[in-house]
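Asker: Which chain is which? The protein sequence lines are G and U, in order.
Read in order, the letters of the first sequence correspond to residues 1 to 241 in our numbering.
Read in order, the letters of the second sequence correspond to residues 1001 to 1241 in our numbering.
Warning: the hint list may mix true and false statements.
In silico DSSO-like pairs for lysine-lysine, Cα to Cα no more than 27 Å straight-line [as the list claims (entries may be wrong)]:
hint : chain 1 : residue 1 : chain 2 : residue 2
1    : U       : LYS1223   : U       : LYS1239
2    : G       : LYS201    : U       : LYS1152
3    : U       : LYS1089   : G       : LYS17
Label pairs and their calculated CB-CB ranges [claimed, not checked]:
hint : chain 1 : residue 1 : chain 2 : residue 2 : range
4    : U       : ALA1098   : G       : MET1      : 44 to 50 Å
5    : U       : GLN1123   : G       : PRO165    : 42 to 48 Å
6    : G       : GLU148    : U       : ARG1028   : 20 to 26 Å
7    : U       : SER1095   : G       : LYS201    : 26 to 32 Å
Hints in this document: simulated from the structure, not taken from any laboratory.
No residue lacks a Cβ here, since even glycine has one placed at the ideal position from N, Cα and C.
2 protein chains.
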Amino acid sequence: MPSAGILIIGNEILSGKVTDSNSPFLCRELRRLGVDVDRILTIPDDVDLIAREVRTLSDAYDFVFTSGGIGPTHDDLTMDGVAAAFGRKVVRNESIVARMERVQNGPANESQVKMAMIPDGAQLIDAGDLWFPVVVVENVHVFPGIPELLCKKFMSIRDRFRGVPFLLKRVYVRRRESDIAESLHELLGEFPELMLGSYPKIGEEAFHVLLTLESRDAGYLQKALDSLLSRLPDDAVHKVE
Amino acid sequence: MPSAGILIIGNEILSGKVTDSNSPFLCRELRRLGVDVDRILTIPDDVDLIAREVRTLSDAYDFVFTSGGIGPTHDDLTMDGVAAAFGRKVVRNESIVARMERVQNGPANESQVKMAMIPDGAQLIDAGDLWFPVVVVENVHVFPGIPELLCKKFMSIRDRFRGVPFLLKRVYVRRRESDIAESLHELLGEFPELMLGSYPKIGEEAFHVLLTLESRDAGYLQKALDSLLSRLPDDAVHKVE
Chain G
1 MPSAGILIIG
11 NEILSGKVTD
21 SNSPFLCREL
31 RRLGVDVDRI
41 LTIPDDVDLI
51 AREVRTLSDA
61 YDFVFTSGGI
71 GPTHDDLTMD
81 GVAAAFGRKV
91 VRNESIVARM
101 ERVQNGPANE
111 SQVKMAMIPD
121 GAQLIDAGDL
131 WFPVVVVENV
141 HVFPGIPELL
151 CKKFMSIRDR
161 FRGVPFLLKR
171 VYVRRRESDI
181 AESLHELLGE
191 FPELMLGSYP
201 KIGEEAFHVL
211 LTLESRDAGY
221 LQKALDSLLS
231 RLPDDAVHKV
241 E
Chain U
1001 MPSAGILIIG
1011 NEILSGKVTD
1021 SNSPFLCREL
1031 RRLGVDVDRI
1041 LTIPDDVDLI
1051 AREVRTLSDA
1061 YDFVFTSGGI
1071 GPTHDDLTMD
1081 GVAAAFGRKV
1091 VRNESIVARM
1101 ERVQNGPANE
1111 SQVKMAMIPD
1121 GAQLIDAGDL
1131 WFPVVVVENV
1141 HVFPGIPELL
1151 CKKFMSIRDR
1161 FRGVPFLLKR
1171 VYVRRRESDI
1181 AESLHELLGE
1191 FPELMLGSYP
1201 KIGEEAFHVL
1211 LTLESRDAGY
1221 LQKALDSLLS
1231 RLPDDAVHKV
1241 E
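Same shape as in the complex, but just chain G (with noise of 0.2 Å):
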């Protein structure tokens, strides 16, 4: 299966005055392409430490997502680190200037010339509508930072992530977690290779946790869900769904 890594750039998010909703986006779209994210990190806006946990991350996933330090301003610099962490220079791509001349029917200023430096070499991908492209370096996506940019470009171009989506199947549970944690161990000693959660909800009066399992295989899943239900009492059963 492709795994992925999520790479959220920017001071807002860690001084706490954005909340990053990129991430479970990206997290919530690709799990249901079949791409498992095995990391979300959150980082400063710092070239230097851009290039070298992008260079990590594209050497231990199939694919890379950057969200955010991709503007005009002091504190972009995500095209940068990028290109730094493939030994790469930024150079001025003249077909996004061309697109922002025809945009705006005028010359780019200063600062948005800016915005079309971008890694030598990258790949350009057109975004729907959007006249700015997805750019793309090996296997590292750059992203916006703006939640709304951010969803219209990664629907845009989702088809190139497909991998085998995961089944799911919920069951609310009317017991304490400790009380069924012996059930929940033994089940996973007859089904390994499931992905079993379990969640206590607090304020909740229908039901206390919250369990979910996971499989690629309908017959397994099924399989699992049936063993864990002759587990349960009857009357420890809120729903399944």
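With chain G's structure known, arrange chain U on it following the hints.
Answerer: Only chain U this time, still in chain G's reference frame:
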């Protein structure tokens, strides 16, 4: 100033089933306290990985905060990972077992006893009215993944992490980011210690960019704000707060 790293542990975050609200909370609170968060890392429930990353973060930062993986089920591996990070054993803590049994007025079952297995020599800090204390090993503070509990526990011991807080000014600007990027660049030339953030907003009518100016020095911050305002056209400033 004290620095911090945050380690979020849990497959449920990476698979997109649960959105991490703990790192945004910790970032906001630590910022208020004057602690610099330098890194947030999210990883799966894997003992070896937890051990390696805890050790790396512990060596790099003054404080480390972990979230998740301390319940009674099969995927709760944080205590084992933290112990392994420092070459310690996991041992049964009788004071935690005793608290458990007092709360429920009866003997702890096997799964509950698992929750009392903590790294040898860990420090226990009472957390307000919660029966389970905060477990601290070296500079690593082990918090639960359930947001309500993490919040309660953190707030009850937050005074341990006090540094010199940042002061913040916000300037809402009626210009595109690329139109003011030059002014921001010049401002940073004059005030190199200023922490300056620039955040374009899509879908706002009254302004296009939110600028944040931060410093721990009130006089320096005010001078930088005055300088910024003198660089922007009068009609460009929507609001200062």
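Asker: That 20 to 26 Å hint for G:GLU148 and U:ARG1028 (C-beta), does it hold up?
Answerer: Given range 20 to 26 Å: holds, Cβ gap about 23 Å.
Asker: Does the beta carbon distance between U:SER1095 and G:LYS201 stay inside 26 to 32 Å, or does it fall outside?
Answerer: Because 28 Å falls inside the window, the suggested range holds.
Asker: Regarding the pair G:LYS201 and U:LYS1152, is the alpha-carbon distance no greater than 27 Å?
Answerer: Between G:LYS201 and U:LYS1152 the Cα gap is close to 16 Å, so the pair holds against 27 Å.
Asker: Take the C-alpha atoms of U:LYS1089 and G:LYS17, compute the straight-line distance between them, and say whether it is at most 27 Å.
Answerer: Distance ~39 Å between U:LYS1089 and G:LYS17 Cα, so the pair is violated.
Asker: That 42 to 48 Å hint for U:GLN1123 and G:PRO165 (C-beta), does it hold up?
Answerer: With Cβ atoms ~44 Å apart, the hint holds.
Asker: Could one say that the CB atoms of U:ALA1098 and G:MET1 fall in the range 44 to 50 Å?
Answerer: Holds, at about 46 Å.
Asker: Between U:LYS1223 and U:LYS1239, is the straight-line Cα distance small enough, at 27 Å or below?
Answerer: holds, 17 Å
Violated hint: 3 only; the structure is consistent with all others.
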